[in-house]
Amino acid sequence: MSEPVEKNGMSGGAQNGPEGGNILTKRVGLNRLSRIMVGDEGPPWARYAVLGGILAIALVLPYVVGSDRWVTLLTIVLIYVVLSSGLNIVVGFTGLLDLGYAAFYAIGGYFTAIVFVQLLRNRYGVDIDGLWWLFWVNLLLGGLLAAVAGILIGYPTLRLRGDYLAIMTLAFHEIIRIVSNNWVGLTRGPSGISGVPSPEIGSFSLGGSFRLYYLALGIAVVTLFLIGRLVRSRIGRAWTAIREDEVAAEAMGIHTSRYKLLSYASGAFFAGVMGVFLAHYLNFIHPSNFKLMESFVILCLVVLGGMGSLAGPVAGAVIWISVQEWLRDFEFIQTHPEVRGMAMGAILVLLMVFRPQGIFGGRHISLQMRLRSRHRAGKGEEA
Amino acid sequence: MPVLETKELTRAFGGLVAVNGVDFHADKNEIVGLIGPNGAGKTTLFNVVTGVYRPSSGAITFMGRDIAGLPPHKVTSLGIARTFQNIRLFPNMSAKENVMVGQHCRTHTTAVGAMLHTPRAVREEREAIDSALHFLDYVGLGGTENEMAKNLPYGSQRRLEIARALATKPELLFLDEPAAGMNPQETAVLMQLIRRIRDENMTIILIEHDMKVVMGVCDRVVVLDHGEKISEGSPDHVRSDPKVIEAYLGRST
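Respectively, the protein sequence lines represent chains A and B. So the first sequence is numbered by our numbering: it starts at 1 and just counts up by one. So the second sequence is numbered by our numbering: it starts at 1 and just counts up by one.
In short, the hints are calculated from the structure, not lab data. Treat the numbers as computed from the prediction; the structure is a model and nothing was measured. Just so you know, not all the hints are guaranteed correct.
Unchecked claim - Derived contacts from chain A toward chain B, CB cut-off under 7 Å, selection only: (1) Arg237; (2) Glu244; (3) Glu250; (4) His364.
To be verified - The list that follows gives simulated cross-link-like pairs (lysine to aspartate or glutamate, EDC-like), each with its CA atoms no further than 20 Å apart: (5) Lys7(B) with Asp27(B); (6) Lys74(B) with Glu246(A); (7) Lys212(B) with Glu30(B); (8) Lys28(B) with Glu232(B); (9) Lys150(B) with Asp245(A); (10) Lys150(B) with Asp137(B); (11) Lys74(B) with Asp245(A); (12) Lys28(B) with Glu171(B); (13) Lys150(B) with Glu246(A); (14) Lys291(A) with Glu325(A); (15) Lys212(B) with Glu177(B); (16) Lys243(B) with Glu232(B).
Here a beta-carbon is modelled for each residue, glycine too, at the ideal position from N, C-alpha and C.
All chains should be built: construct the whole structure from the sequences, respecting the hints.
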């Protein structure tokens, strides 16, 4: 078993040039680590050890950092982990540039806020404190609604590629944002919707920064698990084939329009779910939660972490959001807040110079289901 | 009944008539060569039949079914596969994954099935992997399944395209200049492969400029020039047809 694994590790450098990986890759072994994480390299226990280790760290981290401020920050990181992983389906795997992804996030957030506050409480006078279960239903419904929106925006853009597609998604984001800002009767416009209840299970409240963190962690784990499985199936292969060569994909019998719409819908679904979470997390929803900058930041996380990898968007979110928050501690940054944005820009520029494929984008991940025994790592057939 | 038949097939791009009233057919288990000077309309004929372009007029019948104007993915799922003149693999996917994409229209796992790893999805995936490895072996690419398509040598990329096309389980296979850029040994192996594929009960239509290949494997040759069929028959007949010589070399005055 170890022999083919070594061979895989060696050929991993092929993407970076004949010398087999740049300095950063060699020292940190990021490619290798990301391949172990998704089970493309090394024995199964290595994968479970790495994933289990990361999960264990995620579980104890709130107690290590202690303060509410940092637990809140970690929750925000998890929100962006889900968002960037969802966008990665569209941008990284299917190769469709989407500059308006936060629109789906907004749809989820406004959906649940409107249902709970505007509709049930204000219109029908229902006591929403007793409706704890509706949050969980809305988590799913918000995702599905966003998925439908994804199909609606996807349909007219099907023939577009590259720049044209990007402009259209940008416009879609603006439509959603401007509607949320101006349809006062529905969204209360610039005053936002407050009073969205915190998540609960029965009478057990999930409010408070620690419990909300664990809820976000749960959503993130489920999201990554589902995306991982989707990508490593004929669905993920169809998406990747469209990214690689749409004409050839169509000639191989892939209904490319249908799979592009499925990609939009799947990506939008996870944004919708996170939007619902956000509304109940903040107890408040406001148009400024969904500024155009949000879409750009999420896209940056995907690029930073590595498009078309599973670990990339996670790493992108963890690094970017925590560095952003950590920078606030410097006195110089406090007196010159604009420098913070500059620093992030500089990081992105440097990364694109030294590691253009992103942190974890160095090695192609396997696109087939992980099967027990002989099919592992693909090489097992002749062995 | 022929596997594929076109009647008066025409495709025009603005004023340019790339394919002009072509009657063409391929019988079961036949290897038909499609030749002609550059710009004769061979690839356009492929593209019209496989659904990349709609025909301007005329009929295309495949196994008794009218397929004119169907989109390419539909045509592929009915049983017509193709390779491309300028290789169009999925460069950043492994050789095995390239072949597995070819199996797309013969597998049925849904997004939900894929997420839940239902027993059916697992079984289907296992079979897909097995048969992908089988097709790679079949074209002589066994052992390279984990190589990125873009890292394979040129000749192997051509064969990988054939493996990927075979994975769609076609009745009819279109090969667009399969021997282009190959050295004589590679070409010889390719000719063997083409005959073997035919012996597996498949019909093959190939565009080729390498006359050794055309004369060596084709049962029948169709010659196009300026979008029109100018000759048809056995390789020997076509070779000595004055109209064909004229098309390639020009008229002597």
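Here is how each hint holds up against the structure:
no. : hint                     : result
1   : Arg237                   : holds (5 Å)
2   : Glu244                   : holds (4 Å)
3   : Glu250                   : holds (5 Å)
4   : His364                   : holds (6 Å)
5   : Lys7(B) with Asp27(B)    : holds (15 Å)
6   : Lys74(B) with Glu246(A)  : holds (15 Å)
7   : Lys212(B) with Glu30(B)  : holds (18 Å)
8   : Lys28(B) with Glu232(B)  : holds (17 Å)
9   : Lys150(B) with Asp245(A) : holds (13 Å)
10  : Lys150(B) with Asp137(B) : holds (19 Å)
11  : Lys74(B) with Asp245(A)  : holds (18 Å)
12  : Lys28(B) with Glu171(B)  : holds (9 Å)
13  : Lys150(B) with Glu246(A) : holds (16 Å)
14  : Lys291(A) with Glu325(A) : holds (19 Å)
15  : Lys212(B) with Glu177(B) : holds (13 Å)
16  : Lys243(B) with Glu232(B) : holds (11 Å)
Hint compliance for this structure: every hint is met.
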